Every structure is written in C-alpha cells, then in structure tokens.
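So the protein sequences, as listed, match chains A and B.
All the letters of the first sequence, read from the start, carry residue numbers 1 to 353 under my numbering.
All the letters of the second sequence, read from the start, carry residue numbers 354 to 860 under my numbering.
Just so you know, these hints were derived from the structure itself, not from any lab.
Note that the structure is predicted; figures quoted are calculated from it, not measured.
Glycine included, C-beta positions come from ideal geometry on N, C-alpha and C.
It is possible that part of the hints are untrue.
[To be verified] Straight-line C-alpha distance at most 27 angstroms; calculated DSSO-like pairs for lysine-lysine:
1. B/K603 <-> A/K346
2. B/K515 <-> A/K346
3. B/K652 <-> A/K346
4. B/K675 <-> B/K685
5. B/K623 <-> B/K582
6. B/K623 <-> A/K346
7. A/K346 <-> B/K720
8. B/K675 <-> A/K346
9. B/K652 <-> B/K582
[What the hints assert, rightly or not] Just some of the chain A residues that point at chain B, by a computed CB distance under 8 angstroms:
10. K12
11. Q17
12. R186
13. A189
14. I191
15. A224
16. A227
17. S231
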Amino acid sequence: MKQSSTRSSDLKRWLSQNTGFAAALLLFAILFLTYNVLHPRGFSSAVAIQNANETVAIAFVAMAQTLPVLIGGLDLSVGAVMTLTNCVASELLTGSPLQILLGAVLTLLTGTLFGFMNGCIVVYGRIQPIIATLATGAVAIGLALLIRPKPGGNVDDDLSWALTNSVWDLADTYGFADGGEAWWLRPFADIPVPFLLVVVVAVIVWVPFRRSVTGRTVYAIGSAEGAAYMSGLPIQRAKITAFTLAGFLAACGGLYLAIQTSSGNADVQQAGAYTLNSIAAVVLGGTSLLGGTGGAIASLVGAMILRVISFYFRILDIDPLLQPLIEGLVLLTAVSFGAFRTLRVKNQLDLFR
Amino acid sequence: MTEAIVEYRGVSKYFAGIRALEGVDFKCRPGSVHAILGENGAGKSTLIKIMAGVLQPDAGTLLMEGKEVSFAGPQAAVNAGIVCMFQELSLIPDLSVADNISISSPPRRFGLIDRRAQVSRAEELLARVRCEDVDPNALVRELSLSRRQMVEIAKALGRNPKVLILDEATSALTARDVRTVYGLLGELKDAGVASLFISHRMHEVEALCDTLSVFRNGRHIETFQKGEKSEREIVRLMIGRDVDAQFPPKPDRTGEASTTEPILEVTGLKWGNRLNGIDLSLRRGEIVGLGGLDGQGQKELLLALFGVLKDVEGDVLIGGQKGLPSSPATAKNAATRMALVPEDRKTEGLMLDMSIADNLLVSSFGKISRGPFIDPGRAAAEIRKGIAKLQIKIGSADDPVMTLSGGNQQKVVLAKWLMIDPDIILLNDPTRGIDVGTKQEIYRLMRELANEGKAILFYSSDYAELIGCCDRVSVLYGGQVVSEQSGDGITEESLVAASLNIGVEAA
Numbered sequence: 001m002k003q004s005s006t007r008s009s010d011l012k013r014w015l016s017q018n019t020g021f022a023a024a025l026l027l028f029a030i031l032f033l034t035y036n037v038l039h040p041r042g043f044s045s046a047v048a049i050q051n052a053n054e055t056v057a058i059a060f061v062a063m064a065q066t067l068p069v070l071i072g073g074l075d076l077s078v079g080a081v082m083t084l085t086n087c088v089a090s091e092l093l094t095g096s097p098l099q100i101l102l103g104a105v106l107t108l109l110t111g112t113l114f115g116f117m118n119g120c121i122v123v124y125g126r127i128q129p130i131i132a133t134l135a136t137g138a139v140a141i142g143l144a145l146l147i148r149p150k151p152g153g154n155v156d157d158d159l160s161w162a163l164t165n166s167v168w169d170l171a172d173t174y175g176f177a178d179g180g181e182a183w184w185l186r187p188f189a190d191i192p193v194p195f196l197l198v199v200v201v202a203v204i205v206w207v208p209f210r211r212s213v214t215g216r217t218v219y220a221i222g223s224a225e226g227a228a229y230m231s232g233l234p235i236q237r238a239k240i241t242a243f244t245l246a247g248f249l250a251a252c253g254g255l256y257l258a259i260q261t262s263s264g265n266a267d268v269q270q271a272g273a274y275t276l277n278s279i280a281a282v283v284l285g286g287t288s289l290l291g292g293t294g295g296a297i298a299s300l301v302g303a304m305i306l307r308v309i310s311f312y313f314r315i316l317d318i319d320p321l322l323q324p325l326i327e328g329l330v331l332l333t334a335v336s337f338g339a340f341r342t343l344r345v346k347n348q349l350d351l352f353r
Numbered sequence: 354m355t356e357a358i359v360e361y362r363g364v365s366k367y368f369a370g371i372r373a374l375e376g377v378d379f380k381c382r383p384g385s386v387h388a389i390l391g392e393n394g395a396g397k398s399t400l401i402k403i404m405a406g407v408l409q410p411d412a413g414t415l416l417m418e419g420k421e422v423s424f425a426g427p428q429a430a431v432n433a434g435i436v437c438m439f440q441e442l443s444l445i446p447d448l449s450v451a452d453n454i455s456i457s458s459p460p461r462r463f464g465l466i467d468r469r470a471q472v473s474r475a476e477e478l479l480a481r482v483r484c485e486d487v488d489p490n491a492l493v494r495e496l497s498l499s500r501r502q503m504v505e506i507a508k509a510l511g512r513n514p515k516v517l518i519l520d521e522a523t524s525a526l527t528a529r530d531v532r533t534v535y536g537l538l539g540e541l542k543d544a545g546v547a548s549l550f551i552s553h554r555m556h557e558v559e560a561l562c563d564t565l566s567v568f569r570n571g572r573h574i575e576t577f578q579k580g581e582k583s584e585r586e587i588v589r590l591m592i593g594r595d596v597d598a599q600f601p602p603k604p605d606r607t608g609e610a611s612t613t614e615p616i617l618e619v620t621g622l623k624w625g626n627r628l629n630g631i632d633l634s635l636r637r638g639e640i641v642g643l644g645g646l647d648g649q650g651q652k653e654l655l656l657a658l659f660g661v662l663k664d665v666e667g668d669v670l671i672g673g674q675k676g677l678p679s680s681p682a683t684a685k686n687a688a689t690r691m692a693l694v695p696e697d698r699k700t701e702g703l704m705l706d707m708s709i710a711d712n713l714l715v716s717s718f719g720k721i722s723r724g725p726f727i728d729p730g731r732a733a734a735e736i737r738k739g740i741a742k743l744q745i746k747i748g749s750a751d752d753p754v755m756t757l758s759g760g761n762q763q764k765v766v767l768a769k770w771l772m773i774d775p776d777i778i779l780l781n782d783p784t785r786g787i788d789v790g791t792k793q794e795i796y797r798l799m800r801e802l803a804n805e806g807k808a809i810l811f812y813s814s815d816y817a818e819l820i821g822c823c824d825r826v827s828v829l830y831g832g833q834v835v836s837e838q839s840g841d842g843i844t845e846e847s848l849v850a851a852s853l854n855i856g857v858e859a860a
C-alpha cells in the first residue's frame, strides 16, 4: 500500500519536473497512432521500417544539438558535421568487414574530433557558441565538398541492406541466429534495425553521461553558471565534453545517412535544414533554449514528432506546398506553452537576465 | 592558546585602485564561533572571499594551520576544508536537492553517480539540519527561500568543513531553523570547527559568538571576546571615522512639512518576502533618505515605485493618483513623472558601448522628436544643456560612454533623467564608487533640485551622506521601516543602531 502511494507521488513529481517532455511524448503517441490508423498499411513492419529509416539522421542530430543547448548555447555546425561525416563514410565503408569497421570508427572519430575542436574554440577562444559553430560549420561543409565534390560513394551493399531493415533481415544477411529463424529472435524479428541503433546509442552514450559528474555539470552550467563555479564544478571540461559529444552524435547521423543512401552528398542546403530542424526538435522535446533542463531522449521524441508530421503529407491529400506552413504552425503552438513562464516572473528586470 | 586555523598577514586587496582591504592581520581559532562586524563596505565580504578562494589577495599572505596557502579557486579552498555559504546562494535551481548537496563529489558506483546513495546521503544531512520535510528528489527551484538556505547549510555540512563561513546565512530563515542552526554551530564548535559568522542581527551575534572582530574601511580594527564591550562601544567601533564630505546647507523646514501635501504616499507596501509593509511619504522640496544595511528592502522599494516589480500590494498615492506605475515607461510618462537612477550604472543605467549623446537622449526621445523622427537640432540643444548643467567632463559627445570615469558616467545617468524633468527622483546609491569631488557635486545638485520643488528619495549605504543630505531618513530593516528620523535627530549612532534594530538611542 505504502509502496504504491510513494510510486504515484514519484510519478507526480516526475510529471511536474518534466512537463515539457511528457507533453512531447503524449503528442508523439497521438500523432503516431493516428498516422498508423489512417495509413492503409498501418501498424505493419514495412511502414515502421520506412518511418524509422527516415527518422534516424534527424534523431541523432537532434540529440547532438541537445548538449550545447543544455549549457545555454547553440551548435550551428551539427548539420554540417553530419554532412562531413556522411561524405567521409561514403569513402570508407567498403572492403573487408574489418576495413568497414575501421571506416565506421574513423567516421565517428572525425565527428568527435570536430566537436572537440568546437568545444576548445568556445572555451579557450572565449567565443560565443553560436558564432563559433557558424564558422566551423562552414569549414565542415568546405571539407565535405573537398572529399566529395559530386554526390556518390561506395558503401557495402550487405551492410546497407542489413542495417536499414528489420532484425530478421540483419540476421538473414549475416547468417546468425539460424538466418533469423532462431526461436529466441522471434519476438524481436520485426523491430526495425535503425530504431534499435538509436536506442543503443542513447543507452550506451547518453544515459551514463547524464549520470556522470561531467554530465551533471552540463546541466548546472545551463541552470546557474555562477553557482556551478562557486560549487567548484569542472566547467571547462563539461563545456568541451558537451561539444565533443555533439560532434560524436552528429557523426552517428552522418554514418547512418551514408549506410541508408549508400552514398555521400555534400549538400549545403541539407546541412542547414538539419541544423534548424535539430533546434526545432530540441525545443519540441521540452528542452529550454536557456539551458539547464531537458535531455537528449526528449530531443529524440521531438525529432520523431517533426518526422511524423511530415509523414502525414503522404497519406493525406494535402498540397505538399503547405508542408512548411503547417510544420511552422505546429512548432509555434508547441513552443508557446513554454512562454507561460514569463507570466510568473515578479521582478520584470528578471526577464532580461 | 590554540594555534590559529586561518591567519591573515598583512593582506590587502584593491578594486580598480579603491581599497577593499588594507594590511589586515586576522586570526581565527578552531573551536570558536567568530563574528565579523562592520558597516557596508567595511571589507567583510572581501575578507571571506579571499578565504574561500574566490579572490586572490594583492599583497600579504594567508596561512592555514600555520602553513602558507594560496587558493586558485573555490574548489581549492573546499579541498583544504574551508566551506563558505555565500549570501547569493550557490545552489543550482534546475538540479534536485540531492544533486545539489553532493554536487562536486557525489557518491559513485562504477564511475557513475549512485543516485540511491546520493539520496540517502541527502536524507542524512537534511535530518541533521532538521529538514526531514524536504524531499531530496525535489528540484531546488521548487523550494522556498528559507528551505533553500537550509539545503545550502546541509550541503556545507556534507563537505566536512574545518572552517565554516556563514555569510548572512540566517537572513531568510524561520525562527525554528535559526534555533537549529544555533544547535549545529554548537556541535561544530565542540568538534573543533571554526565558524565565521557574518550577520547584521546583533542579538544573533550576542547569542552565538564567542569572539568578535570589527572591520572598518577595509581595516581590521579590533578583536575581542564576547562580553568585553557593550553594544554601544561596538557600534562606536564600527563608525569611528570623520565625516570628510562637505554637504550643502539644508533649508529650515520646521512647521512647513506638515502643511504641504505629500507627492508620494505609500502605506503597507508588500512584495514577496522582501517588502513587509512599508509606510513612507515624500513631499515636494524634500530629500528623504532610505537607511539601513544592504539588502533590507531598499532596492526593492525603489524598483516597486518605478513599476519594475509585479504583484506589489499596498496603497500608493502618486501625485494624487492611486496605484503604482505598471512599467518604467509609464512611470516616466505619467502626470507625475518619476526617474530612477539604478543601482548598477553599468548594466541598468547606461548602454556602455553607445555614445554619451545617445545615452543622454535615451529616456527623452518623445521630447526631441518630430513625428517618428529625431530632430537633430533639438537633440543637440538638449545634449548641450544636459552636459552643461551637470558639468560633465567629456572630449566629444560622440565618444562611447565607457570612456568616461565612474563619476562622469553617473553624471550622464543623472543628466539623462533630469532631461525628462521628473517630479520624483529615486536614487539608488548614486555615489557608490565615485570620487569625492563628484560626490559633492551630486550632493549640491540634489539640494538644488529639491529647492526647485522636486521630491527626492535617496538610498545610500553611506551614513554620512544620509546625515548630510537628507531632511528625513527612514531606516529599513527586514523590509519594514523601523525608525524615522528628521532634522538634528539624524546621527550616526541613531542610524547604525536602527540599522541593527537595537535600541541604543533609548540607552
């Protein structure tokens, strides 16, 4: 009895502390269920796989954007880093399995190093994140164009097929678990691999990070940098780590994009669109642009909301020209809820601090 | 005698050439509760900030347990066992109570923060400060100010201090919490911890401390045991300086005051827990001072009158009109015009990068515009007038305002507001950090303005100014007016006594 009452109060507290995230989850659930109901082949593995494939890159980039936002900054280079790593991967994901693995590692390393560089510029150069990353983002695009002046590339076909379909296809391609027929694989066989990839990265990267001192310092910086300093927290290390991880996650997006499209493309407009969408996803997930509250999982949900909205245009008879307009209105409505905070401010000077 | 745990030898600290501490020798012994007393600006906070590693001394040495130390930052001081609770809380609002209590060295398992251990550690420490009602998983932003202060104390305890510095740590606490803190300080004293206690509440100092040190103007005046000196003597030690500024003569207004209608009348003004029922009146031609120690609600009162604060309760009459202005813009444009010279001229008073001319004009665009456009002729004339009236020393009016000295910057702020020809002028410590010459010019200007029929409400942290400039002084304490003094009744002793809310004048 006591157990259940503390559990319900735990839930209440979680809800009051994560209102934005809870609202985002609810919104996504409603949108996604409705979508599947309306879809002629709704709730099928094929639809889920297609949806998941189209969500992975933006999901990774949105998770990447979350970290700089948590410290109260913005990273305008995440889309460009994704594009750069996409081009790197399109050169390296070929050959023997070992070579492919090495290529993937090098791709991720490229993005991580780029993020580390961003962090160093922000911390040691004392340049505001938004302008530092505007510049380095252009650098990343420039490098991408050098690597791949024209779209194309050479990505291992098996890899591409295996990672963009269901778990059964993955097992079938590489011939493990009796080619996907093993009894223990059955419950998971229909899950899209891309979805699993995002979950695995979130669990092995984000969850431990959030529970480290560095991770907590990231939140502390965004919440009250002065108090964080006074408490003796490692501020510089946390800032550099935030940007480094952002680079790593953006590289995950780039790597996946290369596997998904079997090519690399130094597309300037695509890079810009991904960066802006990542900011939208972060906000939709309930992370405050002022920093200190929110998280990468929330941004993941935000990214899924953005994608589901665009899926609707395929099944409903809506003029595709209306797509930006409707997406904009949804975003505006969602972020308006965050503005209620200002109604509670009692010293109007606080609005400007 | 036991050896000092912390010792200062000839420590000096200057800010932009202005003395904050000079040649301070100071010792603090283990197992004592040591009060630091002094007026505003006496150097108390500089003293503790050096100890806590926030500031580095410009000269002299700091010794801890007989060994010379130098702290690069707050973390170094914490590692050495010096834990400081600052007036501005060092808690992080978006993290939970448990996170905050173990912020810099949380319990870990496999390298990751062990949340369960962290919560039980928080529960333990909260129980020690008798705050079992605080949920360790609640966010700090959800707590009231008094609970936050108790969490801050729990956090400090969790760091196993050898020296615990409490800077106004009891200012927001309830009576029950204060008793808890008293008990804790006793326990710590028995355990050999040195506590440094900074408080503006004399009765707390009396009740808690065994040793008292008085600071004045950045110097350590005297250290003595409790009971060696009377309250009266302590107050005198805290003042003990010559009034070095020259003030313009005050006009004789006996009998006149009661006849004129007040232009500003405030009854029972309340805002949050900072203003607790302020009564005040202000007439044309009068300079009314706001006295008291820092942070007793003076700034909030001025901000409330200028329309910056929301949800202010109480009755207000301004020039016969009921109610407070809703924003600075309405305060400035109302029938009875108000101007506020803010506390921090660098952020709230001036746009430092913009030119002197632009800063002067910024509040009076309505006056110098034709339709939507600024009239350059009128603007230039107003700028000339403003600069001449206050004798601002400038190269060119197009220079950025940050090229001016502090005194001249403040003159720009004053000139900017005088340009709207205000009826009521609110001044928030306008002479802080400026040179004596400019101070005297400002005193003269204030009197001239009053003689022109303007009403001036003047907060100053310098008692000499209040005595020299004001026709009446209201002393604030804990968000209330505790004493109202006028004419020759305004003396340093009566002001200091009223600030500490002790009844020396009756003695």
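Status of the hints after comparison with the structure:
no.: 1; hint: B/K603 <-> A/K346; in the structure: 38 angstroms, violated
no.: 2; hint: B/K515 <-> A/K346; in the structure: 39 angstroms, violated
no.: 3; hint: B/K652 <-> A/K346; in the structure: 15 angstroms, holds
no.: 4; hint: B/K675 <-> B/K685; in the structure: 16 angstroms, holds
no.: 5; hint: B/K623 <-> B/K582; in the structure: 37 angstroms, violated
no.: 6; hint: B/K623 <-> A/K346; in the structure: 13 angstroms, holds
no.: 7; hint: A/K346 <-> B/K720; in the structure: 31 angstroms, violated
no.: 8; hint: B/K675 <-> A/K346; in the structure: 21 angstroms, holds
no.: 9; hint: B/K652 <-> B/K582; in the structure: 33 angstroms, violated
no.: 10; hint: K12; in the structure: 11 angstroms, violated
no.: 11; hint: Q17; in the structure: 6 angstroms, holds
no.: 12; hint: R186; in the structure: 33 angstroms, violated
no.: 13; hint: A189; in the structure: 33 angstroms, violated
no.: 14; hint: I191; in the structure: 28 angstroms, violated
no.: 15; hint: A224; in the structure: 5 angstroms, holds
no.: 16; hint: A227; in the structure: 5 angstroms, holds
no.: 17; hint: S231; in the structure: 5 angstroms, holds
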